[in-house]
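If you're matching them up, the sequences are chains C, F, L and Z in order.
In our numbering, each residue's number is its place in the first sequence (first place is 1) plus 24.
In our numbering, each residue's number is its place in the second sequence (first place is 1) plus 36.
In our numbering, each residue's number is its place in the third sequence (first place is 1) plus 36.
In our numbering, each residue's number is its place in the fourth sequence (first place is 1) plus 283.
These are calculated hints, taken from the structure and not from any lab test.
Be a bit skeptical, because a hint or two may be false.
To be verified - Under the rule of at most 30 Å between Cα atoms (straight-line distance), these lysine-lysine pairs were calculated in the DSSO-like manner:
| id | chain 1 | residue 1 | chain 2 | residue 2 |
| --- | --- | --- | --- | --- |
| 1 | Z | LYS493 | Z | LYS341 |
| 2 | F | LYS38 | L | LYS83 |
| 3 | F | LYS83 | Z | LYS493 |
| 4 | F | LYS38 | L | LYS40 |
| 5 | F | LYS83 | L | LYS46 |
Claimed, not checked - From chain Z, some residues computed to sit far from chain L (all C-beta separations above 10 Å):
| id | residue |
| --- | --- |
| 6 | SER300 |
| 7 | ASP524 |
| 8 | ARG580 |
| 9 | VAL991 |
Note that the structure is a prediction, hence the values are computed from the model and not measured.
C-beta: ideal position from N, C-alpha, C; glycine also.
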Amino acid sequence: MKAAVLVFPGSNCDHDAYHALKYVAGVDAEFVWHKQSSLAGFDAVVVPGGFTYGDYLRTGALAKLSPVMGAVKRFAGEGGPVIGICNGFQILLEAGLLPGAMIVNGSLHFVCDYVYLAAETSRTPFTGRIPPGSILKVPVAHYQGNYFADEKTLFSLEERGQVVFRYCTPDGRITEDANPNGSARNIAGICNEAGNVLGMMPHPERCAEAVLGSEDGRQVFDSMVSWLKERGK
Amino acid sequence: MKAKIFVTLKKGVLDPQGKAIHASLTHLGIGGVEDVRVGKFMELTLKETGRDEARMRLEEACRRLLANTVIEDYRIEIEG
Amino acid sequence: MKAKIFVTLKKGVLDPQGKAIHASLTHLGIGGVEDVRVGKFMELTLKETGRDEARMRLEEACRRLLANTVIEDYRIEIEG
Amino acid sequence: MREMPVSPERAREHGLSGEEFERIRTLLGRDPNFTELGIFSVMWSEHCSYKSSRIHLKKFPTRGPRVLQGPGENAGILDIGEGLAVSFKMESHNHPSYIEPYQGAATGVGGILRDVFTMGARPIASLDSLRFGRPDHPRTRYLVNGVVAGIAGYGNCIGVPTVGGEVSFDECYDGNILVNAFTLGIVRHERIWRGTASGVGNPVIYVGSKTGRDGIHGATMASGEFDEKSEEKRPTVQVGDPFTEKLLLEACLELMRTDAIVGIQDMGAAGLTSSSFEMASRAGTGFLMDLDRVPQREEGMIPYELMLSESQERMLIVAKKGREDEVRAIFEKWDLDVSVIGEVTGDGMGRVQWRGETVAEIPVAALTDQAPVYDRPSARPAVQDSLQSLDPAGLPAPSDLAEVWVRLMSCPEMADKKWVFRQYDHMIRTNTLVLPGSDAAVLRVKGTGKGIAMSVDCNSRYCRLDPFVGGMIAVCESARNVSCAGAEPIGLTDCLNFGNPEKPEIMWQFRSAIEGMAKACEALSVPVVSGNVSFYNETMGKGIHPTPTVAMVGLLEDASRHLVQWFDAEGDRIFLAGADRLGVHLGGSLYLREAHGKVAGTPPPVDLDHERRLQEFLRAAASDRLVSSAHDLSEGGFACALAESCITRPDGAVGARVVNPFAEAIRADFAMFSECQGVVLLSCRPAGRDALLAAARPFRITMVEVGVVGGEHIDIEGVARVGAADLHKAWREGFAKGLGLDG
Ligand SMILES: Nc1ncnc2c1ncn2[C@@H]1O[C@H](COP(=O)(O)OP(=O)(O)O)[C@@H](O)[C@H]1O
Ligand SMILES: [Mg+2]
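Produce the complete structure using the sequences and hints provided.
In structure tokens, the structure reads:
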């Protein structure tokens, strides 16, 4: 079982994802430079957070042009598990692997804080061990995490069970106050129709060890391990 | 040869920056403003070439990179 | 009444965005671009008033809020 | 820009005195040309030469068993065991941040990061110490917004967490804010690099961003007072590009894992000039440099501009001869400019060529070792006596103490700083064990069980009233904060922010503060390993309070034994450690300023021997897991420290019931808000009481049990009582409210 952690110019949560995979979840992980155009030999792909290309122009816009993104598309097309975290999510949106777009936070400020997430589906490779209805305490850290999609897209996301996480209160209510950035319908994470590609703004890799204040993020990586194991990886 | 590209948020897409600027203007006592929308503005210097050729290239640049058509519209102006 | 405000970096001031976009255009195979500078662009809807009055107000808005004249220039266009 | 004829008048415009100009002529044996004049002016500026401060900085203790690199390099380095070391430094970016708050603060962060990674260390944490004018001053809100966004913009993008800092407000900073940025990195001993240009014939290599006309005269600006004309100097502000710096950081660390280089230094203040001459000076060599090979962003730049530009995100490397291609390959991989611009020579001369001609030729020593050093006259200001006079009995006693308590806790100086640190990514790199909000930030060191604690402190009101005692307190307090986290203070860096050193009163403040700091450092056995001096913090002749900011670094051998400042559980017992140090000390207190509108009196007295024992005891108690929280009394005294331990908890406020700790009958407002040094609020499980008391005895620390954690109220029996939730709310909202910021 081997996971790829993509590294673009400006990625900066790459080491954190690597650490969580390797030293917490016990997965063999390897960095993959964005100029590589093959993902042969990998069973899962993590597009980590950061400020690829300084977030210049739009977040994720310049990174989507990297050669490795062609390989990610093929990998995802074949049903391989792909998770984009924070800037990774933004890149997946820009690359068209997930629907919608990100705009600047309603507060116009960068926000780094713990938030609560309501999990809505365990159909993705990264949430198999998170029963729907679970509440997770996970940090966010972004300036542009305000998820936008037109009404039709939002409707279809909900209809097809593609909303994976929503911002909620500690007791699980989906309220405006619990929304740290103004995201449409409190959306914090979505998956593609097939379910194998997940994008989420919060950082599970930052809360995978109890000493850091929460262990809830670990379930994302543990789910991935189970999913891969079940498939003989 | 110079070109200008204007990228604006589509109607219906929330513009938190525009909203904040509007509020600040009012706060500063600069009245009479009903709405503010914020966009991007790019000035490009191009190698001399035909206008049509240039426009074609910039159209492509906008579609593939400079604008995100999920949320943004763009407009190209070629000068000189 | 509509107005447009363009805020651009002063000449000689580093434009990290423009630099990165320029590199990506080349990378996309969209050649012929010699330079890219990125600025801000605001569309304002104003209550009907005299053009001079409007311009005066917007000048003030630019100086006090919309542009940082230490590193930025601004230009106002009033329409209609 | 064009070349201009050189004259004593032109030299004066460059900030060089008549005598200094004469000295240049003597050292060169001729008149300098325009380029050379520019080079001298920046190298001999206060900012680069430390000409007014050098003789006083020598008073700091700088040695110790852990010191691998003391002052004199880009950053100091301390051994933390297991082959690892920490490298850290603090720098000011005051003037640029006042002129353009976002970019000024951002490039301040960029600069201090380069100072740390140029030593080979990977930056793992930053702190920021910020001082603004009155909260209701018309410019303050704009400056706070811009400075905080700038620090966030740069630090978040490059991916180094900003884990702590301080923000305070005082009228004296209305026209001259302070922005001091600190960064700490981790380095393996064998990967430490220094800024040295040794090995005749070795190539000098330029890497990073291209050179533009950015910040020319930035260094002399930082060394000149503000006046109305400052507006005209505006275009010298630089724009930061954190993305490029991230690439530069990764490329430099990758290069440093090879042995292809000899030395490396960032191009900070005075850019190409200071990096080249300083590196040659450290190695006792010279260099030959060809400006035509410097990557340039703008057209038509002349040698003067190329040498003085302060374009950001650039480094100068001296590599081993024949290894140029290895260097080139790494920087090209990261899409950065790289160019061999010269070589090391053996004759001690710095020679600069342009278009085939020699445009500058200066002995390296003339700019460094032979730079002027001043023992400027110092005199105790005449106003000092009247400043220090204060008759507490004459202060009207407030009728509603609970109201004053809430007011103090919610004034921007004391209120929750979450509005600020929520904008900073403080968790990235997944090392932050204690997030912002406690006495000290604590980070783990991955791959070891160790932890690093950090705190930045200065009470400038104390320094104004008595710079010697104020300097001592800055050191003691930052060390105490680190000890409250359970860590041993192992070294510090400082940023000495003062007014115009040519005024004897300012010089007196400066030398007194240093002497106080040095005395405290010696008593606590903490060496000073790096630092920065920022003079001329004046606007139209009005100086700031002397502000010697101290950033203390502490080490925990076992990171899991760290402590936080907030109470842990209902029923826990509350103690005052060092209770015999309590006294009526209102001089310079927050209470005096906020409730009575005065900055007067004398700062609280310090007993260095007691301080040392107290801190040793705190560390022992943490390491033996005898306490569940520790928080020192500082601004706002006993009442505010107690309130903080109740309401700063991330899980929500808790109440407490305590007795008035003052043995004698004194005025209630004095008991609550009197500020004392060397007193710490501890809490422990009821069953741990005896063990804790026993542990204090060998350190001869007076312990008094004052109360118990729990309930809805924070209640100082017979004195004042507030609802914990109400106080919590006022404290949480105070910052944004006081400054008129959106929540
Ligand atoms: N207040 C101080 N205390 C101790 N060392 C200092 C102090 N100020 C400056 N130094 C040391 O002097 C050297 C030069 O500092 P500085 O010019 O600020 O560095 P840089 O060239 O990186 O800007 C550094 O090694 C710094 O640590
Ligand atoms: Mg330096």
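Checking each numbered hint in turn, tell me which of them this model violates, lowest number first. Numbers 1, 2, 7, 8, in rising order.
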